[in-house]
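Asks: Those protein sequence lines, which keep their order, are chains A and B. Counted the way the working numbering counts, the first sequence spans residues 1 to 491. Counted the way the working numbering counts, the second sequence spans residues 1 to 119.
Quick caveat, the hints were computed from the structure, so don't treat them as lab data. Mixed in with the good hints, there may be bad ones.
Stated by the list, open to error - What follows is a set of in silico ranges between Cβ atoms, one per label pair, in the way DEER data are often shown:
| id | chain 1 | residue 1 | chain 2 | residue 2 | range |
| --- | --- | --- | --- | --- | --- |
| 1 | A | Gly-188 | B | Gln-114 | 48 to 56 Å |
| 2 | B | Glu-67 | A | Ala-213 | 34 to 42 Å |
| 3 | B | Ile-61 | A | Asp-49 | 43 to 51 Å |
| 4 | A | Trp-430 | B | Asn-29 | 39 to 47 Å |
| 5 | B | Gln-114 | A | Arg-24 | 31 to 39 Å |
Positions of the beta carbon are idealized from the N, C-alpha and C atoms, including for glycine.
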Amino acid sequence: MTAHLPALQVVLTLLAAPACILVRGRDLAFLLALSTTWAAFAVSCLLLDQVLTTGTISYELGGWAAPFGIEYRVDALNAFVLLIVSGIGAVVLPFTPRSLLIEMVGEKAYLFYCAFLLCLTGLLGVAITGDAFNLFVFLEISSLASCILISLGPHRRALTAAFQYLVVGTIGATFIVIGIGLIYGATGTLNMNDIAERLPATGYNRTVIAAFAFLIVGAAIKLALFPLHFWLPKAYTYAPSTVSAFLAATATKVGVYVLIRFLFTVFGVEFSFEVLPTALPLMVLAVLAMFVASTIAIFQDSVKRMLAYSSVAQIGYMVLGLSLVTVDGLTASVVHLFNHALMKGALFLAIGCIAYRQASFRIEDFAGMGRRMPWTMAAFTAGGLSLIGIPLTAGFISKWYLILAALAADEPLIAALIVISSLLAVIYIWRVVEAAYFREPPPGAPTGEAPAALLVPTWLLIALNVYFGIETSLPVGVAEHAARALMGAGP
Amino acid sequence: MVDFVGLYNYWIVVFLMMAGLYVVIEHGNLVKKMVGLTVFQAAVFVLYITLGKVRDGTAPIVAEGIEIYSNPLPHVLILTAIVVGVATLALGLALVVRIREAYGTIEEDEIGDQDGPAI
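Isolated chain B, as found in the complex (with noise of 0.2 Å):
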């Protein structure tokens, strides 16, 4: 019981994806699908900032004092999944931007009736 309770970083990790997955999925609004996607992205920040993390650690600077700190190498990986997070979403976004003014809508499901058989 205390594992289950002390690991809830974890919890909170699995939660985070499987709601993003599921909006992702299951949403048929293009604009719902990619805050879906960030969500299940951000558990993937959250899972790696979690790994990194001694008890009792401090920031890793180097100072009188300062003996256990955590590891810094997954927040420097994350600051660089963060940014390809960022471009993808900025991607996205425009994506739809282009879609809406293509079909006047972004929904999946209006946007698959407006075409014909394939070219």
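With the rest of the complex left out, here is chain A (with noise of 0.2 Å):
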């Protein structure tokens, strides 16, 4: 049964999401739609216990040996991806049926359910496939689905946004399968491993150059790397605040997996940042996604607009630990991944109690939101502590990573400039807080608590932002692991 776990991990939801057409009935499309994704979450989990203990799983699927058949090849780096993408999954999707989403799609429900069933398993899939071309298929089976996810915003917007998403996030994937076509022009194979073996023998010729180009270009389309982010923040301010928690949580952390992935295994450390100069192009966007965006988010009226860009800001610093190219700046990258897709998921689905009362998400119709809805302005104020970074939060875990591995490689400019962008994010949360808290309410605004079927969820995930703010054995722990993996015989 264990022997499975890796092809389970992408079949149970793969097979739920038809399944759900099938029932119909929203209530019961939702029972199969939550237990298989509950389903999912039990196994990553026992896959990364797997590979703690007994190292990398390869699994050959139908049973053909790779590099011929399609491998997935599970490490502590994609373990945690899995983790990730099925837990946040596993606490949104109990949001849903009593989200404003629901209401909207009435007993087409079922076909929500499936759309987000697909998207998890398409998430899933790029992060336990070991195939180049395998991962483009998953990356278009997500994209394709969260384009559905987005288009059923409650603004006729959300349906621009969802073509505009479609558009970019299919160039991005075209970019990335051209890469994957001359890199097996060059070498012959699919298999990422193989690749990795066989790229030096081509003596990294204009062709595996091209290729390279085309893959990162694409990935970073993906992850919405500034100064390609463009699409991000019409998605996610349109999209259905459920979907925003899900996308914002899980769709960037697999496009930055992709990213680490592509740079540091199948490239390999000494090309990528060696015989390419790639680690200082990456260095700079990353600090320019840190300022430009943070600086945007100061300045939008709209508090889901506002968190929209911050994502950008935040993906900024998760390049930037990696662009260090050293364990601990990998590992700083990672957890931060983990604890992005903690602060970001608890931001949104806050967002979606509120939307829950009113349709409006501008701050000035925040006021007073402290007094008409304390326990979900409560849990963004938390939220919004996480992301900026005090201590005892998660949020703080990251920077602290970042800064410390910064000052390893002699940067301590960047450690500084770290530092300095935090302090953004102090001034766009702060502008919530002061129209929540320090501001009367409008008489007839909406007021009343969301109820606890969206409070549980958006609590749950601030308990898990204070959690793994105190305790933090778990994410670095298996971020290091994943690191020391990925720069191999490297510095």
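Since each chain sits alone in its own frame, please combine them into the complex, following the hints.
Replies: Right, here's the structure in full:
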């Protein structure tokens, strides 16, 4: 049974998606989706445990041996990403039946669950597969499914946001597939480990360099690295809040995973950072993302849009960590991957609670929210503190490791920039807190707490933010393990 | 010069790719954008199929007298990519229909004019 866990990880949700359409009923479809998502979470917990005790798992799909068949290769890094994706799915899904979204789609809710499961399948598949072309296919499954999810937003602008996401996402994925094709032309294989072994023999000719460029730009579009982030704020602003929470916490994380996988495993540290000067441009773009996106976030009137821009800035921190090309830097990147999923998930779920009472997310409409929805606003504030990086929250741990890594890599300027950009986060979170707690609620403003079905998942994520702000052995231990494996014999 | 002409498949790939991408960026009409996207993807199909071609090779059939044959793997990969492309096109056009219902137009700038500030 445990031998087939890697296949189960993807197959469970993949089979449940069409089953949701077959059962039709909205409650039945929800129960089916919920049980498979929780089962997928259990599978990824078991997988992570297995990887940490016995080492990398290699699973041959259909019994066809690698490199000819498709191999699922699970090491500490992707086991951790699987855990993040399925865990966030497991927390966010119970939120949906009471959220605005289901009231909008009504009896057609089973179609939403189908798209949600397909999106989850795609993201899990990208993380688990060891085959480059398979990665592209899963990437497109997740991207098409998330496009459907975004288009369900309450405002008609969700439609144009979804269309833009589709076009830009397809261009990104096509870039990746061009890169994979060129690598296949140069090495004659699609298995990632096999590619890594054969690449040095090609003498890193121009085909390989072109493939590298296509793959990195494609991945940068997918993970919304500044300045290729323009699709993200629109998509996250107009998507239903549940979907924003799920995508903000998982989709870009999987994008970062793809970038790490190609830079460090497929092309290898030597080619990516010594033959080609990739580290510096990545570092510059990451710092620009931190500052430009945070500054734009300060000037947003819509809280949801502000959080979306803040996501772009946070992606900057993840890319900054890996651009240091040290074990410490990679550890910080992977830890932040985990912590950011927790904090952005919590913040967008809090927004979802607010959406239950009022349709507007403009800051002036948040006036007095601290009294109108005390529990929701407390959760938002706690999530905001974690985003800033206040001690005793998960956000602090990420920033701490990032700064240590920057100092260890002899980059004091980068360490200072991390601290300064965190202050920008203080400003944009403060604007919301100020409106919520220090302004009088306007007369006749909708008052009343969100139902428990919405508050419990939100507070669960907040609790995890605090828990992993104090007890850091799981994320840091796994991240260190993964970073060591990625750097191999490197520095 | 011979090389230049001999690689004509790749020149076609580059031309189609750039033409498709240009249409996606330049045109405000959403249906034309989808057309551009499809041309862009089709260029990649041609790239893969070209990679699999072996000179004087035939179809990969196990039969007497067939010794040199084209690499079938890129063909199989592209079958998958075509399916992905069709799904993308279908979803894109479905969204265009919904956008037309909601806005009464499929021109990007006219859509942009209709909505007020962000919510």
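Asks: Which hint numbers doesn't this structure obey?
Replies: Result: no hint breaks.
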